[in-house]
Amino acid sequence: MSGYALLQLAPMLAACATAAVVDARARRIPNWLTLPLIASGMLVSMTGAGLLTAGQAWLGLAIGFTLPFVMLLLGAMGGGDVKLLAGVGAWMGPLGVLKVFMAAAIIGMIIVLVQAIRKGRLSGLLRRSALVTINVMHADVAGVESVLDEARTSEGASYRETHLPYAVPVLIAILFVVLI
Numbered sequence: 007m008s009g010y011a012l013l014q015l016a017p018m019l020a021a022c023a024t025a026a027v028v029d030a031r032a033r034r035i036p037n038w039l040t041l042p043l044i045a046s047g048m049l050v051s052m053t054g055a056g057l058l059t060a061g062q063a064w065l066g067l068a069i070g071f072t073l074p075f076v077m078l079l080l081g082a083m084g085g086g087d088v089k090l091l092a093g094v095g096a097w098m099g100p101l102g103v104l105k106v107f108m109a110a111a112i113i114g115m116i117i118v119l120v121q122a123i124r125k126g127r128l129s130g131l132l133r134r135s136a137l138v139t140i141n142v143m144h145a146d147v148a149g150v151e152s153v154l155d156e157a158r159t160s161e162g163a164s165y166r167e168t169h170l171p172y173a174v175p176v177l178i179a180i181l182f183v184v185l186i
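The C-terminal residue of the sequence shown carries number 186 in my numbering, and the numbering is unbroken.
Honestly, the hints are just simulated from the structure, not real lab data.
A couple of the hints might just be wrong.
Simulated restraints, written as ranges between beta carbons of each label pair [stated by the list, open to error]: (1) Thr53 x Leu132: 40 to 50 angstroms; (2) Arg124 x Thr53: 39 to 49 angstroms; (3) Leu128 x Gly54: 44 to 54 angstroms; (4) Gly130 x Pro36: 26 to 36 angstroms; (5) Ala122 x Val27: 20 to 30 angstroms; (6) Met108 x Ala23: 15 to 25 angstroms.
C-beta: ideal position from N, C-alpha, C; glycine also.
Let the sequences and hints guide you as you build the complete structure.
As structure tokens, then:
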């Protein structure tokens with residue numbers, strides 16, 4: 007990617023870096039950060055000064071919203087994560103947000119596995135993951151919810167210890183996609 011294109015994405019990168027710091031500290035991404043990210047991505051595309059057309063930005067926003075929204079319905083992500091990826095889609099378009107979503111999933115998985123190994127919780131993580139997979143395969147939403155509830159309260163771990171701040175792998179994924 008050219009230096010000019012990277013400069014055009016600087017506001018998005020700054021917002022995502024801020025989101026990563028806030029999410030790592032508070033385990034939430036506030037609206038004061040995500041809504042301007044979405045709006046600015048759309049505005050830049052409408053001025054013709056950005057990398058995308060308005061249509062590409064709208065499609066990127068829609069895909070960036072829809073992919074994590076499914077995870078939100080399963081209780082695996084929060085609303086701030088959904089809005090963050092929608093904003094990334096408004097700035098990077100449909101293909102860019104797909105790449106970021108896939109890379110963030112892989113990066114997030116690696117982070118979770120490393121944390122589970124360090125804290126001696128790998129077997130519990132693998133057991134709960136297998137249960138969720140089996141329940142999803144059988145479309146047993148109540149079963150998925152009970153497994154997620156157990157994961158939230160397992161081994162006396164707090165929310166802060168058991169939930170990945172999703173903005174961190176998203177930021178790493180954006181940097182990977184933009185720089186590679």
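These are the hints, each one checked on the structure:
no., hint, result
1, Thr53 x Leu132: 40 to 50 angstroms, "holds (49 angstroms)"
2, Arg124 x Thr53: 39 to 49 angstroms, "holds (46 angstroms)"
3, Leu128 x Gly54: 44 to 54 angstroms, "holds (50 angstroms)"
4, Gly130 x Pro36: 26 to 36 angstroms, "holds (31 angstroms)"
5, Ala122 x Val27: 20 to 30 angstroms, "holds (23 angstroms)"
6, Met108 x Ala23: 15 to 25 angstroms, "holds (21 angstroms)"
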